[in-house]
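Student: Listed below, chain by chain, are the residues.
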Amino acid sequence: MAESATRRRRGLGTVANVSLVGLVLLIALIVMGPYLYTVSPTLVAGRERLKPPSMAHPLGTDQFGREVLARVIAGGQQSLRVATLTMALTVAAGSLLGLVAGSVRALDEILMRISDAFLALPAVILAIALMAVREPSEANVVLALVVVYTPRVARLVRGKALLIREMPYVEAANALGARRSRVIGWHILPNATPELIVQATFIFGYAILDEATLSFLGVGPPPPAPSWGNMLSEARYLVRDAFWISFFPGLLIGIAVLSANILGDGIRDRYDPRRGE
Amino acid sequence: MTGFLASRALSLAFVLWLVTMIAFVVIRLAPGDPSAIMLGSDATPKAVAEFRAKYGLDRPIAVQYIAWLGRVVRGDLGTSIYLGRPVTTAILERLPVSLTLTLAAFVIAVMLGVTLGLVAAYWHDTWVDRAVSVVAALGLSMPSFWLGICLIYLFAVRWALLPSGGFVEPWVDPPASLRHLLLPAFALGYLQSGLIARMTRTSMLEALRGDFVRTARSKGVAELRVVVKHAFRNALIPVLTVTGIALAVLFGGAVVIETVFTLPGVGRLLVNAVVRRDYAVVQGTLLLVALWYVLVNIAVDILYTVSDPRVRLRAS
Amino acid sequence: MLRRLMTTVVLLLMLATSGASGAAPDRCPVQGGTVRAAMAGSPPTLDFVTSFAAQARDIGVYIYEGLVTIDGNYDAAPQLAERWTTSADGKTYTFHLRKGVKFHDGSPVTAADVVASVERFRAQSPRKADLSMVAGARAVGNGTVEITLSQPSAAFVPLMAYPGPAVAIMPKKLIEGVAAGKLPQSSVIGTGPYRLAEWIPDKHVHLERFAQYSPAPGDPSGYAGRRLACLEHIYFLPVPEVSSRVAGLESGDYDYGQNLPAETYSRLTATKGLKTVILKPYYEIVMHLNTQNGALKEWKLRRAIQVGLNEDEIMLAAAGDKTLYRLDPSLFFKEQYWHSNVGANRYDEHDVAKAKALVKEGGYDGSPLRIITTSDFQFIYNAALAMESQLRQLGFTTKVQAYDYPTMIDIFRKKRGDWDISYNAFSIRTDPGGFTFVLKSESGYQPYASKDVDALLEKALVERDRKARAKLYEQIQDILYKDIPMIKHGDLFGFDALRDRLQGFEPFYTTPRFWNVWSKDKR
Numbered sequence: 001m002a003e004s005a006t007r008r009r010r011g012l013g014t015v016a017n018v019s020l021v022g023l024v025l026l027i028a029l030i031v032m033g034p035y036l037y038t039v040s041p042t043l044v045a046g047r048e049r050l051k052p053p054s055m056a057h058p059l060g061t062d063q064f065g066r067e068v069l070a071r072v073i074a075g076g077q078q079s080l081r082v083a084t085l086t087m088a089l090t091v092a093a094g095s096l097l098g099l100v101a102g103s104v105r106a107l108d109e110i111l112m113r114i115s116d117a118f119l120a121l122p123a124v125i126l127a128i129a130l131m132a133v134r135e136p137s138e139a140n141v142v143l144a145l146v147v148v149y150t151p152r153v154a155r156l157v158r159g160k161a162l163l164i165r166e167m168p169y170v171e172a173a174n175a176l177g178a179r180r181s182r183v184i185g186w187h188i189l190p191n192a193t194p195e196l197i198v199q200a201t202f203i204f205g206y207a208i209l210d211e212a213t214l215s216f217l218g219v220g221p222p223p224p225a226p227s228w229g230n231m232l233s234e235a236r237y238l239v240r241d242a243f244w245i246s247f248f249p250g251l252l253i254g255i256a257v258l259s260a261n262i263l264g265d266g267i268r269d270r271y272d273p274r275r276g277e
Numbered sequence: 001m002t003g004f005l006a007s008r009a010l011s012l013a014f015v016l017w018l019v020t021m022i023a024f025v026v027i028r029l030a031p032g033d034p035s036a037i038m039l040g041s042d043a044t045p046k047a048v049a050e051f052r053a054k055y056g057l058d059r060p061i062a063v064q065y066i067a068w069l070g071r072v073v074r075g076d077l078g079t080s081i082y083l084g085r086p087v088t089t090a091i092l093e094r095l096p097v098s099l100t101l102t103l104a105a106f107v108i109a110v111m112l113g114v115t116l117g118l119v120a121a122y123w124h125d126t127w128v129d130r131a132v133s134v135v136a137a138l139g140l141s142m143p144s145f146w147l148g149i150c151l152i153y154l155f156a157v158r159w160a161l162l163p164s165g166g167f168v169e170p171w172v173d174p175p176a177s178l179r180h181l182l183l184p185a186f187a188l189g190y191l192q193s194g195l196i197a198r199m200t201r202t203s204m205l206e207a208l209r210g211d212f213v214r215t216a217r218s219k220g221v222a223e224l225r226v227v228v229k230h231a232f233r234n235a236l237i238p239v240l241t242v243t244g245i246a247l248a249v250l251f252g253g254a255v256v257i258e259t260v261f262t263l264p265g266v267g268r269l270l271v272n273a274v275v276r277r278d279y280a281v282v283q284g285t286l287l288l289v290a291l292w293y294v295l296v297n298i299a300v301d302i303l304y305t306v307s308d309p310r311v312r313l314r315a316s
Numbered sequence: 001m002l003r004r005l006m007t008t009v010v011l012l013l014m015l016a017t018s019g020a021s022g023a024a025p026d027r028c029p030v031q032g033g034t035v036r037a038a039m040a041g042s043p044p045t046l047d048f049v050t051s052f053a054a055q056a057r058d059i060g061v062y063i064y065e066g067l068v069t070i071d072g073n074y075d076a077a078p079q080l081a082e083r084w085t086t087s088a089d090g091k092t093y094t095f096h097l098r099k100g101v102k103f104h105d106g107s108p109v110t111a112a113d114v115v116a117s118v119e120r121f122r123a124q125s126p127r128k129a130d131l132s133m134v135a136g137a138r139a140v141g142n143g144t145v146e147i148t149l150s151q152p153s154a155a156f157v158p159l160m161a162y163p164g165p166a167v168a169i170m171p172k173k174l175i176e177g178v179a180a181g182k183l184p185q186s187s188v189i190g191t192g193p194y195r196l197a198e199w200i201p202d203k204h205v206h207l208e209r210f211a212q213y214s215p216a217p218g219d220p221s222g223y224a225g226r227r228l229a230c231l232e233h234i235y236f237l238p239v240p241e242v243s244s245r246v247a248g249l250e251s252g253d254y255d256y257g258q259n260l261p262a263e264t265y266s267r268l269t270a271t272k273g274l275k276t277v278i279l280k281p282y283y284e285i286v287m288h289l290n291t292q293n294g295a296l297k298e299w300k301l302r303r304a305i306q307v308g309l310n311e312d313e314i315m316l317a318a319a320g321d322k323t324l325y326r327l328d329p330s331l332f333f334k335e336q337y338w339h340s341n342v343g344a345n346r347y348d349e350h351d352v353a354k355a356k357a358l359v360k361e362g363g364y365d366g367s368p369l370r371i372i373t374t375s376d377f378q379f380i381y382n383a384a385l386a387m388e389s390q391l392r393q394l395g396f397t398t399k400v401q402a403y404d405y406p407t408m409i410d411i412f413r414k415k416r417g418d419w420d421i422s423y424n425a426f427s428i429r430t431d432p433g434g435f436t437f438v439l440k441s442e443s444g445y446q447p448y449a450s451k452d453v454d455a456l457l458e459k460a461l462v463e464r465d466r467k468a469r470a471k472l473y474e475q476i477q478d479i480l481y482k483d484i485p486m487i488k489h490g491d492l493f494g495f496d497a498l499r500d501r502l503q504g505f506e507p508f509y510t511t512p513r514f515w516n517v518w519s520k521d522k523r
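Protein chains in written order, with my numbering: chain U, 1 to 277; chain C, 1 to 316; chain E, 1 to 523.
In short, the hints are calculated from the structure, not lab data.
Errors might be hidden in some of the hints.
Dumping the calculated DSSO-like pairs for lysine-lysine here, alpha-carbon to alpha-carbon at most 27 Å [what the hints assert, rightly or not]:
| # | chain 1 | residue 1 | chain 2 | residue 2 |
| --- | --- | --- | --- | --- |
| 1 | C | K46 | E | K414 |
| 2 | E | K322 | U | K51 |
| 3 | E | K415 | C | K46 |
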């Protein structure tokens, strides 16, 4: 019992480090992919349908004769783009709203109640309802996911802001006449950063999964441009007859999301004051 | 205590009211004339005119909202263009399926999550702990439809142990109902069990370090009793919170699972409504899901006040 | 003539191989049992005559019957009418009802019921324009109905027989004053071999054998002839998720699966306890080109697409297996009298160089061609994607948008500025008159208007000589190949599978027919 209480963690821990490296490698491969493997991901070749992995077709071909490797790369670009954009925009919008709520008392109550209302709707449900009224497109998928996840980030930053606002050094800065925006910029955001990073990694993972789910329900990014999600979804009836079409995007989704989650946990463990004691 | 509950209920009612605004606004984001959207594009000009008059689409948007809210409060969610029946009826027909699935998934999520969490906490920082975290993380790393399809392949097709889908009402044929529920409920519950396991582990670790556990141990209380009675009871509150969230979220996850396992529930109603652009149904389902969330939260609040003395204190 | 004879021979052969003793039995070898059929969709309404949906048609045919229906050659054949006569001027048809036929509620079928049903169809069916030649219907006594036309029409009886939706005969007292789509479940009463037991939307439609059913005389053929209800219960289960249909068949949860992916054909054929059936023909896959808006207003660009396409590759992608499609240029299927090869020299030319030259000549400005398709039908979706890939090789840029089927049709028909290429699939038009709606400019179905086609269609609708009529449709086909408002890719075959305890099943049209089907072990 006692040894873990006294154990101190300096880095992120081995597993989290491995996932960090894995995630970076994966992103690098996907970004570099089109330069290394130049076959078109959307070229239909009827004669080459459903070929299993071989020298000619490294990851096999799909039901249209398209190269699965090329599609996994192009699909990864779309999936990672969706995830990264969702993450960045959510953190930006959430931080802004959270800061406003945390520093302008008049707006706090109403903003938090609105975020409660959004949180009352499960992510997937809200996202597909939004997709019902928007054309299915990559941009709209990002938009729907940002709307879904922003309240979470806003709550987090607002909580941090409320906590820090009462700290003696912030009150001192205020008393010394520092502008409110300076106080926010200098004190609140840096303090919230570790938790923001944790949330960001989780949102990154959720966004990849949600994109897949939206594709499954027919409201994801449109064809023929691949994403891991719509590859998995389009080939789901072929799981047994041509496993390679869905196996590889599925595997990459798993690796990406798992790494993001473990990384998030690692960062949380590193910064959680209760774990550090 | 009743004061506390009343204030919580009030703020949740407020949330629900805000959700009605979201549901109202979301549909208005759809491109095109709302009457054409709600009636479908095959509507005759006469039907459109009648609709516009009935719902006052020429009046200011705030007035329209209030009128709509008035109907919603009375249980009138409009008519489904595709099903040709009131949305309320359509939802009520499918609600038992979704509720059954959600509750079954919830039972699985809690049993699995709490057990895994307890095991991981007791043998923390050993291989058992790590194995548990892998099992939990896996569930959070794959799309639920994928898990569902794999389960169907293994259990229904390969080993022919369980049905591949469909729904049997529990009050009609309990054993058959259970067999039909097992796979979808597991697919749905497994994902949430990871979160519950993680929270159980964390708060159990804290509780196991607590003085009362040391005291109990030193008094020679049996180990199992220490873990379950003394430590777990104290770890219960945060677990309860996560469990409450899980119950609320599961209802939403049912959307995907109902599609994979062909269960005629509210989730499939929503998915069909989205692809059919049946906006009245989308709106109605959003409200229902939010109502569910609010009810679950009130239930969790009540459990809090019953089980945690601190909440009682704060209220008085 | 020869072709027609051949078809009959083929059909007879098919019939011969089905039953154990040659022709279909005249009574059920086994009475009893249940079939659970996994269908691709669920009917939007049980007010069948008011819906175009194939899902409604497929179930309606069990519950309802018409005066006439289609037989195995897609020709009109008697059903509730015993026989009919035509007046010399071709304007009056007299239908004599079969005696002793009862509705599911036990009441006898009368001429008044028929008149009320025809009138409701003409007022409320989306197919009411098909019967625009009808001037009126009246009862002559209890067992005879007289329908008068405003002008003679060769298409009248075939269109009365066309099942999508059928001119179903319903009890007068239940349908009078009922608005379209508003027929309550309790009023779903017909004369068919099965009656509606229960409908739970998105869960199942449960049909039960109608004990007092009075079958039409004659051997079963298509929807016509003797229809015996050997199975006691039929459950139509909507299972839109195709992987679930396949898994449920393999696990034994379903006895029949509709519209399965071709890639599973060899595996399901080899699966013990299952047998696969090929439905031939099923659909012709067609792309519409927007001749009135956008880039494809330019004929040269349409011609570029026509000359450049490789139809075999598109059809292979659509069908998923060599054995499940065939290339054919005609508006009509090979199985039909109306089939023609006119214009075939412009079908499947696959001349990429010529196409590229035409793209240049046509002054293509590089703006993407907007292709709308549907993910509801895998084969339409796959055809569109394969076609899109070829367009890019011809030098076009593209943008694909997939919708559910009704939405795609909606955009296709009402948002003419929003697309350049749209998709569809046509099942058999039992009478060529069924294409009038698609091709005539005043119906506004597709963005294409041709005075020549309109004139030919009008002539063809009243022409009573079959051969002359076929000539007219041949001319229409020729014009279509020259104007290019649509391009046919090919004929698709359907693929279904069912449990092998079910005997006597024959694929036909788009509908699984479970009448005259019995369960070996009575389950």
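Student: For the pair we were handed, K322/E and K51/U, check the Cα-Cα distance against 27 Å.
Tutor: holds (15 Å)
Student: For the pair supplied as a hint, K46/C and K414/E, confirm whether the alpha-carbon distance does not exceed 27 Å.
Tutor: Roughly 18 Å between the alpha carbons, so the hint for K46/C and K414/E holds.
Student: Going straight from one Cα to the other, do K415/E and K46/C come out at no more than 27 Å?
Tutor: holds (21 Å)
Every hint, counting from the list given before, is met by this structure.
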